[in-house]
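Asker: Sequence:
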Amino acid sequence: MYELRNYAEVIVAQLADRLIPESGICKCEKCRLDVIALALNRLPARYVVSIKGALLAESELLAMQKSTDYLSAVLTAIRQVESMPRHTT
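Numbering (my numbering), first residue to last: 1446 to 1534.
By construction, these hints were calculated from the structure, which means they are not laboratory data. Being a predicted model, the structure only gives us computed values, none of them experimental. Just so you know, not all the hints are guaranteed correct.
[What the hints assert, rightly or not] Simulated restraints on C-beta separations: (1) Y1447 x P1530: 17 to 23 Å; (2) T1533 x T1513: 21 to 27 Å; (3) H1532 x L1449: 28 to 34 Å; (4) T1533 x V1494: 28 to 34 Å; (5) M1446 x S1517: 30 to 36 Å; (6) Y1447 x E1527: 21 to 27 Å; (7) N1451 x P1530: 22 to 28 Å; (8) Y1492 x S1528: 29 to 35 Å; (9) M1529 x V1494: 32 to 38 Å; (10) T1513 x G1469: 30 to 36 Å; (11) Q1459 x M1529: 31 to 37 Å; (12) V1494 x S1517: 17 to 23 Å; (13) E1527 x E1448: 21 to 27 Å.
[What the hints assert, rightly or not] Straight-line alpha carbon distances no greater than 20 Å define the calculated EDC-like cross-link-like pairs of lysine to aspartate or glutamate that follow: (14) K1475 x D1462; (15) K1472 x D1462; (16) K1472 x E1527; (17) K1475 x E1527; (18) K1475 x E1454.
Quick reminder that beta carbons are idealized off the backbone N, C-alpha and C, glycines included.
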């Protein structure tokens, strides 16, 4: 079966899940998703289609995870959400 997948989303979510617990921001799902959305808006999409595409992209995941662009985008998003959370509690 074919599927369309943005691997940037996978990497950003993994980085956010690793970095948010170490940060001072709220740990709720809304803040987590705000961090992911803000970070993804700063990065180019990395779409793949089909199992073959997913397997090829799989080999790039580790390299992408170590990319300073991805790390920088997530850290910037964490700081932004920390300074202006979109909820009051």
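Asker: If a hint holds in the structure, say so; if it does not, say that too.
Answerer: Verification of the supplied hints:
| no. | hint | result |
| --- | --- | --- |
| 1 | Y1447 x P1530: 17 to 23 Å | 38 Å, violated |
| 2 | T1533 x T1513: 21 to 27 Å | 34 Å, violated |
| 3 | H1532 x L1449: 28 to 34 Å | 31 Å, holds |
| 4 | T1533 x V1494: 28 to 34 Å | 42 Å, violated |
| 5 | M1446 x S1517: 30 to 36 Å | 35 Å, holds |
| 6 | Y1447 x E1527: 21 to 27 Å | 39 Å, violated |
| 7 | N1451 x P1530: 22 to 28 Å | 25 Å, holds |
| 8 | Y1492 x S1528: 29 to 35 Å | 31 Å, holds |
| 9 | M1529 x V1494: 32 to 38 Å | 36 Å, holds |
| 10 | T1513 x G1469: 30 to 36 Å | 22 Å, violated |
| 11 | Q1459 x M1529: 31 to 37 Å | 24 Å, violated |
| 12 | V1494 x S1517: 17 to 23 Å | 28 Å, violated |
| 13 | E1527 x E1448: 21 to 27 Å | 34 Å, violated |
| 14 | K1475 x D1462 | 13 Å, holds |
| 15 | K1472 x D1462 | 10 Å, holds |
| 16 | K1472 x E1527 | 10 Å, holds |
| 17 | K1475 x E1527 | 12 Å, holds |
| 18 | K1475 x E1454 | 16 Å, holds |
Violated hints for the displayed structure, listed by number in ascending order: 1, 2, 4, 6, 10, 11, 12 and 13.
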